[in-house]
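Protein chains: 2
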Amino acid sequence: MEPTTVAPPPSDRTRIRRLPARGAYDRPVVDAILDEGLVCHLGFSLDGQPFVIPTIHGRLGDIVYVHGSAASRMLRHLRGGVPACLTVTLVDGLVLARSAFHHSMNYRSVVLLGAATLVESEEERMAGLEAIVDHVVPGRWPDVRQPNATELKATMVLRLPISEASAKIRTGGPVDDEPDFALPVWAGELPLRLAAAPLVPDARLAAGIAPPVCVTDYWRTRAAR
Amino acid sequence: MEPTTVAPPPSDRTRIRRLPARGAYDRPVVDAILDEGLVCHLGFSLDGQPFVIPTIHGRLGDIVYVHGSAASRMLRHLRGGVPACLTVTLVDGLVLARSAFHHSMNYRSVVLLGAATLVESEEERMAGLEAIVDHVVPGRWPDVRQPNATELKATMVLRLPISEASAKIRTGGPVDDEPDFALPVWAGELPLRLAAAPLVPDARLAAGIAPPVCVTDYWRTRAAR
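From first to last, the protein sequence lines are chains G and R. Those letters in the first sequence? Residues 93 to 317, per the numbering used here, in order. Those letters in the second sequence? Residues 93 to 317, per the numbering used here, in order.
Only true hints are included.
Any copy will do: because identical chains look the same in the list, a pair fits if it lies in one copy or spans two.
Using 25 Å as the maximum straight-line C-alpha spacing, the simulated SDA-like pairs for lysine to any residue come out as follows:
1) Lys245 <-> Asp269
2) Lys245 <-> Glu212
3) Lys245 <-> Pro112
4) Lys245 <-> Ile108
5) Lys245 <-> Ser196
6) Lys245 <-> Arg110
7) Lys245 <-> Ala274
8) Lys245 <-> Leu275
9) Lys245 <-> Met197
10) Lys245 <-> Glu216
11) Lys245 <-> Pro146
12) Lys245 <-> Phe273
13) Lys245 <-> Pro271
14) Lys245 <-> Arg217
15) Lys245 <-> Ala219
Source of the hints: derived by calculation from the structure; they are not laboratory data.
Excised from the complex, chain G in its bound form (with noise of 0.2 Å):
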């Protein structure tokens, strides 16, 4: 039911404490849930208060890409090498159990601790930017206008290594007590999915221009690069 670990935790930071059977640390398993999660929670403090903020990214290798205006609070605070977490959560499912305590959920999640850094080259900005677009649709980069100079400006692309991580799966059905067995309960699993609903086409899309495969085929998993 539970992955097998079979790497050590990278820190004592990402070491999983509780339900340690659930944790992961190999790469693989970190990557691809990394890039199967559409959005991610970054974490930081600010004068003291943390604040989880929902933003796209990017994998590229060992490295997970942000972005966002040159002028967001939160980048330019995060630029500077500040303490961060990234976090990408996949529901799979619910576990519906006999008894209300044994009720849980199936799960993927990263936890990736860090500091983000300011990209200033141009050739691993606009690589970091395609790694963002390629993440969210595969396959659109080459399909639509590349960003110009004056977006480029606009734009802040910040890097965070991936050497501080840890994965979490939860996967199976519930696991009820024994005595519960006996209850005249439905048990069992609900698994959830994200599907895609039909396209809504640009209210000045021009005729004849058909969706490509990227968008009319969309799935999120991955494949690992």
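The hints should help you fit chain R onto chain G, whose structure is shown.
Okay, now just chain R, sitting in the frame of chain G:
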């Protein structure tokens, strides 16, 4: 396209600075997002390091409840009333523009600042646990075995009042630059939703126990209470 902001921000810390037209501070807007999101991301700092941990929540009126093992390091730290941030994000769709720069995401998010405190009274503890189960599967609580004394002892329930919260919402299609409309690029919205896949009954489910309506008709949008 954007909601009208009819309520003032409850504090300077929750005022939306980036794209303020996307901000909302109305309780019904905030509550609907808190109620629809299956998980929240809890942020707190420990020894100067921010952590962002996914967890299940439940709302009852002006209070958001979270729970976990009485041994949980996170909860034991949080119950001391340290500054915390609870964020809920719903991804509603991908916004595909003609330029890379104008790609975006439709989403609804809530950022709630405050301090969590330990729920001491047995009555409120039970109400908080019911709110959490009912949050995940509305209507499930009365059907299952209630928590017993041992389970209650092993469970910590924390409360976080909704006093300093803001919502941020994006809806609608792409907003392209005028010259880009001439490009032969498909543009529009790819709506996404959380969908239930076929149920997986527990391996030890007794014959003749059908899944209840709250499970067979599962959907996430919940009426506010």
